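*Asks:* Position chain B relative to chain A; hints supplied.
Protein sequences appear in the order of chains A and B.
Here the numbering used here is used: the first residue of the first sequence is 11, the next is one more, and so on.
Here the numbering used here is used: the first residue of the second sequence is 11, the next is one more, and so on.
Bear in mind the hints are in silico, worked out from the structure with no lab data behind them.
Just so it is clear, the structure is predicted and the values come from calculations on it, not from any experiment.
One thing to keep in mind: the hints can contain errors.
Since the list can't tell identical chains apart, any single copy or any two copies may satisfy a pair.
As the list claims (entries may be wrong) - Below 25 Å or equal to it, Euclidean Cα-Cα: the simulated PhoX-like pairs (lysine-lysine) are:
{"no.": "1", "residue 1": "Lys335", "residue 2": "Lys367"}
{"no.": "2", "residue 1": "Lys510", "residue 2": "Lys142"}
{"no.": "3", "residue 1": "Lys461", "residue 2": "Lys490"}
{"no.": "4", "residue 1": "Lys490", "residue 2": "Lys367"}
{"no.": "5", "residue 1": "Lys367", "residue 2": "Lys18"}
{"no.": "6", "residue 1": "Lys630", "residue 2": "Lys346"}
{"no.": "7", "residue 1": "Lys142", "residue 2": "Lys208"}
{"no.": "8", "residue 1": "Lys142", "residue 2": "Lys375"}
{"no.": "9", "residue 1": "Lys367", "residue 2": "Lys548"}
{"no.": "10", "residue 1": "Lys630", "residue 2": "Lys461"}
Protein chains: 2
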Amino acid sequence: MKRRIYLKMKSLEEARNLLLEACPSDIIGEEPVPARHAAGRITSRPVYARLSSPGFHSAAMDGMAVRAAETFDARDQDPVCLKVPGQALPINTGQPLPPDRDAVIMIEHVTFLSEHEIEIRSPVYPWQNVRKVGEDIVATELLFPTNHQLEPYDIGALLTGGVTELYVRERPRVWIIPTGCELINPEEISGASLPPGKSPESNSAVLAAMTEQAGALPHVTPIVDDDPEALKAAVTEALDAGAHVVVINAGSSAGSRDFSAQVIEDLGALLAHGVTIMPGKPTILGMVRQRPVIGNPGYPVSSFISFEQIVMPLLYRLQRRLPLKRHVIDAQVARKIPSRSGMEEFRRGIVGSIGGKYVVTPVKKGAGSISTLTRANCIIHIPAHSEGLEEGEMIQAELLRPEEEVLNTLICTGSHDLILDLIKDMLMRMSPHFNMASTHVGSMGGIMAVKKGLAHMAGTHLFDPETGLYNTPYIHRYMKDMPVRLITLAYRQQGLIIQKGNPRGIGAIEDLAGKDITFVNRQSGSGTRVLLDYCLAKAGIRAEQVRGYRSEEYTHMAVAVAVLSGKADAGLGILAAARALDLDFIPVVEERYDLLMSEESWSHPAIQAMMEIISTKGFKEKVRGMGGYSTRDTGKGVHL
Amino acid sequence: MKRRIYLKMKSLEEARNLLLEACPSDIIGEEPVPARHAAGRITSRPVYARLSSPGFHSAAMDGMAVRAAETFDARDQDPVCLKVPGQALPINTGQPLPPDRDAVIMIEHVTFLSEHEIEIRSPVYPWQNVRKVGEDIVATELLFPTNHQLEPYDIGALLTGGVTELYVRERPRVWIIPTGCELINPEEISGASLPPGKSPESNSAVLAAMTEQAGALPHVTPIVDDDPEALKAAVTEALDAGAHVVVINAGSSAGSRDFSAQVIEDLGALLAHGVTIMPGKPTILGMVRQRPVIGNPGYPVSSFISFEQIVMPLLYRLQRRLPLKRHVIDAQVARKIPSRSGMEEFRRGIVGSIGGKYVVTPVKKGAGSISTLTRANCIIHIPAHSEGLEEGEMIQAELLRPEEEVLNTLICTGSHDLILDLIKDMLMRMSPHFNMASTHVGSMGGIMAVKKGLAHMAGTHLFDPETGLYNTPYIHRYMKDMPVRLITLAYRQQGLIIQKGNPRGIGAIEDLAGKDITFVNRQSGSGTRVLLDYCLAKAGIRAEQVRGYRSEEYTHMAVAVAVLSGKADAGLGILAAARALDLDFIPVVEERYDLLMSEESWSHPAIQAMMEIISTKGFKEKVRGMGGYSTRDTGKGVHL
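For reference, chain A alone in the conformation it holds in the complex (with noise of 0.2 Å):
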């Protein structure tokens, strides 16, 4: 087993200077398309028009086409008549003028005196209202130079110009090469369960889609074993059917079974193996016969780090095509964001509107876990020479999504319930402009991000054992003068979760201590976590007796996970979490879900939007019908 070390570790500047250097400039070819298909692609030579235009002296105005001449003497007090149509021809914009014509009148100062006769009331000069030949496109003129990307009005004037057909670069051919033992493709899983030890190959298809994104042609191979011989075949299948650039998903990393490196050396030369880019570090550039082989890494965060960075970089520049760029925002950082010198990090983040500045908060890091991206609407990027951000800092965060959405993206943080889930949808169906993104720190990790300005709202189900009230004790302790409002959602069933047949004949909260079941527990500050202790404190039941306690969870379906994975015997956490992931359930308490949020959010549209949206008999009845809650409150403010 070799340990994980890279021999060839590069700056992310050198490794894409590397590869630029090292890849032939002209291995993206040119084709001949139709004009009419060309919005998009780049001219890989000079485009020079065929025809003029127009290609006719014609009118351009509706009106009577004369000779010139024979006006100059019109006058309001002394008007001119002319023969219909041998001095004034009737004539519609773009018809051809006359060869003996030289000028327009407009239908507007044309009066009828009989059908074949007019009166005029002013002179026209030569050329008047006459579009002349070539007044927009000489023939033999540029139109346009090699690499301009075409855009859609473009194509009207190759066409216009009498260019059906031109040059254009190719579409650089990428060949993405899935390899791992492990992964299956997904569309083969049948059932609701993955075969044993199985992953679902995604990577590919993301990395084709982001080749489309940069113009090029994304070829998927079907998945090679972890096997050198089997991925130095498919590299080389793939270079003798044309491909422009190859990319082997995964085995790029150093351990036993990574062979990306390897397979890279012996057919051609590594070039880099390690970038100092995080998630992205595990990758590999190489050269095979004059083209560029890359190992891109396994973590789809980093997959698709290390190719945007990377690859997407490269297939711009073998097109002549500037990159697309992300809009970027000035944000203010929510919270201190280390980072390891020496490494560039791309961190996801969730960025929102609040109190009149955009503030960012970074997600989790995980490169593993794909909903890092999924749930983000930002990338905050901390260059190598960085030990990360502070808090409060001003950076630059690029948007994932369009800012309008952006704008109007209500950020949502503090307990978690499914609730949230359903609101979301809700928001988005009634308009595009609108989004929500939660992230989930407990109900007191929620006050505090209200009081701080990190979100407009916060889930918070906070029991106080000593008043018997939810929230408002909290809210009062902790946000002393800051006008806030307190918008019940839902009463819900809180209980054990328990797996299905409950094997362990639990039966109420007593069963945790002493018996050899193992707990699986909420996070502190969470509202759930609070409710465990109060009802464990009314039992007489001491933390040390519950097996578990110690191990915590962020959420309730992952309590519920845990205990469906045979992880844990039970949880603390709601009904529709239960009942989603099929696990039994026993009822503890009802508790009371609030929404807290700052005044000063209470007018954002998108607070404003899912107000309307929980008031609505639909939204009820959905919340129902999830099971274990009740609706008798919602929408309802709390007095404070």
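*Replies:* Below, chain B alone, put in the same frame as chain A:
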């Protein structure tokens, strides 16, 4: 013949709203697509995960799978030995954790004592270095809400979550019906000239490309004659075939052969005829069988602006997709742009970074001229309530090209020479970051533009009869105190451009007077005009003796076209222009054509790139190949 009267004129906002209100919200249905080809599509239902990810507990690191409890005693001074594989089983990242293990020790923390025994010096806690079931995605959770536009990485989440097919919105089917008896399919034009009175039909291809840009599916029908019955049949056929939106181009005005309004009214309802936008006023909105039918104007820029401002927002809304917006920059208006109050105007402009700020100059207005779009790099939007923009006013320009390119665009004005097109082509070959935008205002106009900071560079060939020098006397006179550079581009032949075979028997400048010869002049302020006036004076000819002296064109090519089309018998211009249109040429004088630039622009990357280009042998050879040029001083600085 009807007058040009619009009975139902609407503002742009009214027009958009009328259309949206009239249009049933559900005309776009949904369709299932394979997840791996769903990037860019819009979900039509919420999407829930079918599988958890990871689907099993797996190693998050390469290392050894262990029971955490057996490692608790390990200390640096007091290592623990574990049997391989009984207690410590080799495992790679991503491999399933055996059911009897609950943690992974990183390979870096393992010392092999033998093949069957390892030593560790620190403990691992339960579930350390383990990716737990559902850590990323939990089966049943909401992956994406309704109306979510799928990004490439979202495809990863779908496939990982076991979703291989999903429902998305249909792509709207847009039928585009070109109409007009004067139109000819560009692909049917054979040879180098148009059939008499015919124009190439190019708008439908532009609208089709724009339709695709909006995520919809275009269908272009054959050209339909200006015949109400034929048009009705075409619209009916489109709707029968399932068109969601029908666009008739053109016949949308109120001329005698404009039938679109009548056709729409006969088949359904006319919502608006005329929209207060410029270009684009003759736009018709109607509904037929609950589908929008749009009369789109015929002038190419009107067609583009009307479609972009009215049809594209509709297409986005029908799909619940956020419109793509152009990048907007703050720019200073180079000169006064008058605008009619009550009309929302979309002027095309050229913007460049000059002296550290963006300066935008409008290009000419003609809606009939597609080159006003293709030569522009931005749109200047003037709201309806405005009477125009003042010189120096700051506005927001909508970029038609990437900002990176605009930043590196060389703004060139002054006198025109065909060599400038060659420079543009070579500049863009050098790097896709560069571009060049030219307007032609004559040599004097160019000097003034450089002086006012409206252009980086101006071509100038102003002869000073008193000193016999080119350019320098004018620069001393008009650019006192301003540090500038003057670089010689080439010497060139100016002469009389005359018809092929010289049918009028022209021999020299003297022949312009008296004889029955029509001349075409260049605009005053142009170097060629100065030269003409000098030559006439030397020959003792007064302006009044030259027929056509007051008929002005702005470029050498326009002069050549005037001669080619028979509008004039002769004009003064360069040999290259005569040669391009296969006309005859009588040399008059060799003149020097220089490039003037401010000292401030000298360091602009595009100027530096240009200087590099014009010093190459290849460039000079190409210039000489164009005919009538000497490159003996090309690239040399002129002493000022």
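*Asks:* Please write out, lowest number first, the hints stated earlier that are contradicted by the structure.
*Replies:* Numbers 5, 6, 9 and 10 - these are the hints that the structure violates, sorted from lowest upward.
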